[in-house]
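Asks: Sequence:
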Amino acid sequence: RICGFGGRILDNGLPKYLNSSSSLIFDKSRILYGLNFSKEAIRQEEEVILVEGYTDVMTLHQRGIKNVVASLGTSLTSSQARLIKRYTDHVFIAYDQDKAGISATLRGIDLLLETNLEIRIISMPHGVDPADLVNTEGEGSFLKRKDEALAYFDYRLNLEIQKRPSLRREDKIEIIEEVFPTLAKVSNS
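Sequential numbering of the sequence shown, starting at 1438, is according to this note's numbering.
There may be inaccurate statements among the hints.
Okay, derived cross-link-like pairs now, EDC-like style, lysine to aspartate or glutamate, Cα gap no bigger than 20 Å in a straight line [as the list claims (entries may be wrong)]:
| hint | residue 1 | residue 2 |
| --- | --- | --- |
| 1 | K1536 | E1477 |
| 2 | K1583 | E1483 |
| 3 | K1503 | D1535 |
| 4 | K1583 | D1448 |
| 5 | K1522 | E1482 |
| 6 | K1609 | D1591 |
| 7 | K1581 | D1569 |
| 8 | K1503 | E1477 |
| 9 | K1536 | D1591 |
| 10 | K1600 | E1611 |
| 11 | K1581 | E1482 |
| 12 | K1522 | E1477 |
| 13 | K1536 | D1584 |
| 14 | K1581 | D1448 |
| 15 | K1536 | E1615 |
| 16 | K1600 | E1615 |
| 17 | K1476 | E1555 |
| 18 | K1503 | E1484 |
| 19 | K1583 | D1535 |
| 20 | K1522 | E1551 |
| 21 | K1503 | E1597 |
| 22 | K1583 | D1569 |
| 23 | K1600 | E1614 |
| 24 | K1522 | E1483 |
| 25 | K1503 | E1614 |
| 26 | K1609 | E1597 |
I should point out that these hints are in silico values taken from the structure, not numbers from a laboratory.
Please construct the entire structure, taking both the sequences and the accompanying hints into account.
Replies: In structure tokens:
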């Protein structure tokens, strides 16, 4: 059943995604785009690939990668994280690695940790989303990046190290202060 409409800007205009206004029927904070087509693949693969937008889901599905859903061009919500948990405990985040995508990835990590999900981050080239990567380099390139996905702590640590290439003592202290809150959210179970 149709619950809303969405579209993607094809040039570099902002915002990248345009959606129907929220309503009783369409609340994008509670929907994972493509879940209706991905449920069985997610259960079979015992993992989900989380992307930002519609075109990523459609392109990956067309290329045979079926265990993919999108958070509808927005940051992941706790409702969406709980919905993922109903199908799997293993999440690969494949958001764009521009500034907004990195911020969304970091917020998503925190929400997924709070939902007790195992998280890995697929490293995407800056300014390239999964659909672009698959269309230019093929699905093999995306799957190779998935195989090399970083654990969330390694991803977070790498981001902080990239901000401070000199790695003086003060930089190391700042890195610990930035990364520790994420580490503290990990369950001991």
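Asks: State for each hint whether it applies.
Replies: Here's how the hints hold up against the structure:
1. K1536 x E1477: violated (33 Å)
2. K1583 x E1483: Holds, because 14 Å separates the two Cα atoms, which is no more than 20 Å.
3. K1503 x D1535: violated (25 Å)
4. K1583 x D1448: Judged against 20 Å, a Cα distance of about 27 Å means the pair is violated.
5. K1522 x E1482: holds (14 Å)
6. K1609 x D1591: Status holds; Cα separation ~15 Å.
7. K1581 x D1569: Measuring from Cα to Cα gives roughly 15 Å; hence the hint holds.
8. K1503 x E1477: holds (9 Å)
9. K1536 x D1591: The given pair, whose Cα atoms are some 18 Å apart, holds under the 20 Å limit.
10. K1600 x E1611: holds (11 Å)
11. K1581 x E1482: This hinted pair holds, its Cα atoms lying about 16 Å apart.
12. K1522 x E1477: With a Cα-Cα distance of about 14 Å, the restraint between K1522 and E1477 holds, given a limit of 20 Å.
13. K1536 x D1584: Distance ~24 Å between K1536 and D1584 Cα, so the pair is violated.
14. K1581 x D1448: Violated: K1581 and D1448 sit about 28 Å apart, past 20 Å.
15. K1536 x E1615: holds (17 Å)
16. K1600 x E1615: holds (11 Å)
17. K1476 x E1555: holds (18 Å)
18. K1503 x E1484: holds (11 Å)
19. K1583 x D1535: Within the cut-off at roughly 18 Å; holds.
20. K1522 x E1551: holds (11 Å)
21. K1503 x E1597: violated (33 Å)
22. K1583 x D1569: The hint holds at about 15 Å.
23. K1600 x E1614: holds (14 Å)
24. K1522 x E1483: holds (11 Å)
25. K1503 x E1614: At roughly 38 Å apart (the allowed maximum being 20 Å), E1614 and K1503 break the hint.
26. K1609 x E1597: holds (9 Å)
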